[in-house]
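First to last, the sequence lines map onto chains G and P.
To convert, note that position 55 of the first sequence is 55 in the working numbering; the numbers rise steadily by one, no gaps.
If you want the working numbering, it's the 1-based position in the second sequence plus 1000.
Honestly, I wouldn't trust all of these hints.
Calculated lysine-lysine pairs in the BS3-like style (CA-CA distance at most 30 Å, straight line) [what the hints assert, rightly or not]:
1) G:K29 / P:K1073
2) P:K1157 / G:K23
3) P:K1231 / P:K1247
4) P:K1026 / P:K1074
5) G:K20 / P:K1157
6) G:K99 / G:K9
7) P:K1073 / G:K23
8) P:K1114 / G:K23
9) P:K1123 / G:K23
10) G:K28 / G:K15
11) G:K29 / P:K1075
12) P:K1207 / P:K1247
13) P:K1073 / G:K20
14) P:K1231 / P:K1207
15) P:K1018 / P:K1231
16) G:K99 / G:K20
17) G:K29 / P:K1157
18) P:K1074 / G:K29
19) G:K15 / G:K29
Everything labelled a hint here was simulated from the structure, so no lab data went into it.
Source: prediction; values computed, not measured.
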Amino acid sequence: MKILSEVGKYLILMKEVFHKPEKASIYKKQLLLEMDNLGLDSLGIVAIISVFMGAVVTIQMAFNVDSPLIPLYTIGFATRKSVILEFSPTIVSLILAGKVGSRIASEIGTMRVTEQIDALEIMGINTASFLILPKIVACVLMYPFIILISMFLALAGGWLSGVLTGLVASSDYVYGLQYQFKMFDITYALIKTVVFAFLTASVSGHYGYFTSGGALEVGRSSTKAVVNSSIMIILFNLILTQLLLA
Amino acid sequence: MIDVINVSKTFGEHEVLKNINVRFDKGKTNLIIGQSGSGKTVLMKCLVGLFPIDSGTINFDGRSFSTISYEEKKKIRQEIGMLFQGGALFDSMNVEENVIFPLSMFTDMSINEKIDRANFCLKRVNLENVNKLFPSELSGGMKKRVAIARAISANPKYLFCDEPNSGLDPATSIVIDNLISEITQEYQITTVINTHDMNSVIEIGDKIAFIYKGNLWWEGDKNSILNTDNKEINDFVYATELTRRIKGK
Ligand SMILES: Nc1ncnc2c1ncn2[C@@H]1O[C@H](COP(=O)(O)OP(=O)(O)OP(=O)(O)O)[C@@H](O)[C@H]1O
Ligand SMILES: [Mg+2]
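For reference, chain G alone in the conformation it holds in the complex:
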């Protein structure tokens, strides 16, 4: 029952959120600010994680295909598959759910408990749309770039670790990366990414917007935002994989 009413509240909020912004110039300014805050600000952590994860994945693959029957380029091939299909879109989105989600929820939650949202409301502003829409749009626009960068860095990290440890020759690894390359894998990853971006921003916006109380509740909302965004990402990952790959 509680889940149903929560989902209902979320859907009603989303209806409020998708309204035409009152003033285009202000909206544009907000959007650029959020693209910076939520997108560019996340690049550092994504870059570090991607390089190291790519490196580890390659080493794992190398140890597991340690058989003369399997060609060495399989290492590059398998690294590519796991990075593009799951690691970059899903795992990185989960990490971003922690970073971006808690930021959105605590920012909006603080505005709620300090009456800043009320102040906007009495000026005649649609606060749900004013506060949440730029964040959703910023995430949906920025995530695909972040994920593409993550893919590139993870594969580069894999190459670096494979070559430096001598587990795979550069030419084998690169051949593996190109072997039976399907553009659809990238499309599939980006479709997932956009959905995850929307879920993270909207679910976190929801928990921030419906914060009530004080500083303690802001903390709680932000935790709920991260936990529930993550659950939604995992759930939709399963659904989308079924839909797109089956």
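Assemble the complex: chain G is given as a structure, and chain P with the ligands must be docked to it using the hints.
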């Protein structure tokens, strides 16, 4: 003019406002007074529509929030300026951006016009050279004054102030009281102020509504409040030694 007709408001079991009837006049500073926790803030938030009321009607010059369309409601809201008890400044914006925010949102003024207006409003609340500071860099009283500047920047028709001079020293308090009173007359604003500052009551109380335990207990003005024999209001007015001594004379 704002008419409050048979308004009640309950939070769970707790009946905060009981059948309130009161009229706030245009061009006058209307005060709502009462003890801490008596329901002043709740009444004000009901007036501006932040709290839905359980029963009754609130009319803004004949227009009621409960019967009009969303677009009309937005229009009334744009005629409202409000000072929140806690200031409610946007902490992602500096002082100047806070004050010009309503202008950016709802007017086509150029940036220079807006900054001129911001400087004018900030000057009226005795603040200068703080334009680029952020709310976290201001003292409590400065925040309050910036919030007042923001409330008046878009020339509201209805001005609501929740405790405009709590946290201010007596001298600044008087400046703020006079400012509110002046612009109320000058621009014929319908002003509603929550306060428990006796000095404001006596200086600018064109109309005074006393809330006691959720009821509208007494109505009057700055003259009649000193001569009433209503017990609760006397307990409220003459709560301090200072006021008792003044009365004794
Ligand atoms: N959101 C709310 N939910 C439940 N009860 C509330 C809420 N807001 C206010 N109350 C209750 O309503 C009563 C009146 O509160 P209100 O804030 O209006 O007092 P006040 O007259 O403004 O006091 P003060 O002078 O201290 O600001 C209090 O008992 C308070 O507990
Ligand atoms: Mg109050």
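Do the hints match the structure? See the list:
1. For the hint linking G:K29 to P:K1073, the alpha-carbon distance of about 26 Å falls within 30 Å, and the restraint holds.
2. Our distance criterion of 30 Å between C-alpha atoms is met by P:K1157 and G:K23, whose separation comes to about 22 Å.
3. Proximity of P:K1231 to P:K1247 is assessed by CA-CA distance (about 15 Å); at most 30 Å being required, the pair is judged to hold.
4. Proximity of P:K1026 to P:K1074 is assessed by CA-CA distance (about 21 Å); at most 30 Å being required, the pair is judged to hold.
5. About 27 Å separates the Cα atoms of G:K20 and P:K1157, which keeps this hinted pair within 30 Å; it holds.
6. Restraint check for G:K99 and G:K9: the C-alpha separation of about 24 Å stays at or below 30 Å, so the hint holds.
7. A threshold of 30 Å between alpha carbons decides the hint, and for P:K1073 with G:K23 the separation of about 18 Å falls inside it, so the pair holds.
8. Between the alpha carbons of P:K1114 and G:K23 the distance comes to roughly 16 Å, so the proposed pair stays at or under 30 Å and holds.
9. With a CA separation close to 28 Å, the supplied pair P:K1123 and G:K23 stays within the 30 Å bound.
10. Note on G:K28 and G:K15: the hinted pairing holds, with a Cα-Cα distance of about 21 Å set against a maximum of 30 Å.
11. For the suggested pair G:K29 and P:K1075, the alpha carbons sit about 24 Å apart, so the restraint of at most 30 Å is met.
12. Taking the CA atoms of P:K1207 and P:K1247, the gap is about 21 Å. The hint holds against a cut of 30 Å.
13. Between P:K1073 and G:K20 the alpha-carbon distance is near 17 Å, which keeps this suggested pair within the 30 Å criterion.
14. Straight-line distance between C-alpha atoms of P:K1231 and P:K1207 comes to about 19 Å, which keeps the hinted pair within the 30 Å bound.
15. Between P:K1018 and P:K1231, the direct Cα distance comes to roughly 20 Å. Compliance with the 30 Å bound is thereby established for this hinted pair.
16. For a cut-off of 30 Å, the pair hint linking G:K99 to G:K20 stands: about 28 Å separates their Cα positions.
17. Distance check on the hinted pair: G:K29 and P:K1157 sit about 29 Å apart at the alpha-carbon level, within 30 Å; holds.
18. For the suggested pair P:K1074 and G:K29, the alpha carbons sit about 22 Å apart, so the restraint of at most 30 Å is met.
19. A hinted pair counts as satisfied when its Cα atoms are at most 30 Å apart, and G:K15 with G:K29 qualifies at roughly 23 Å.
Checked against the numbered hints given earlier, the structure satisfies every one of them.
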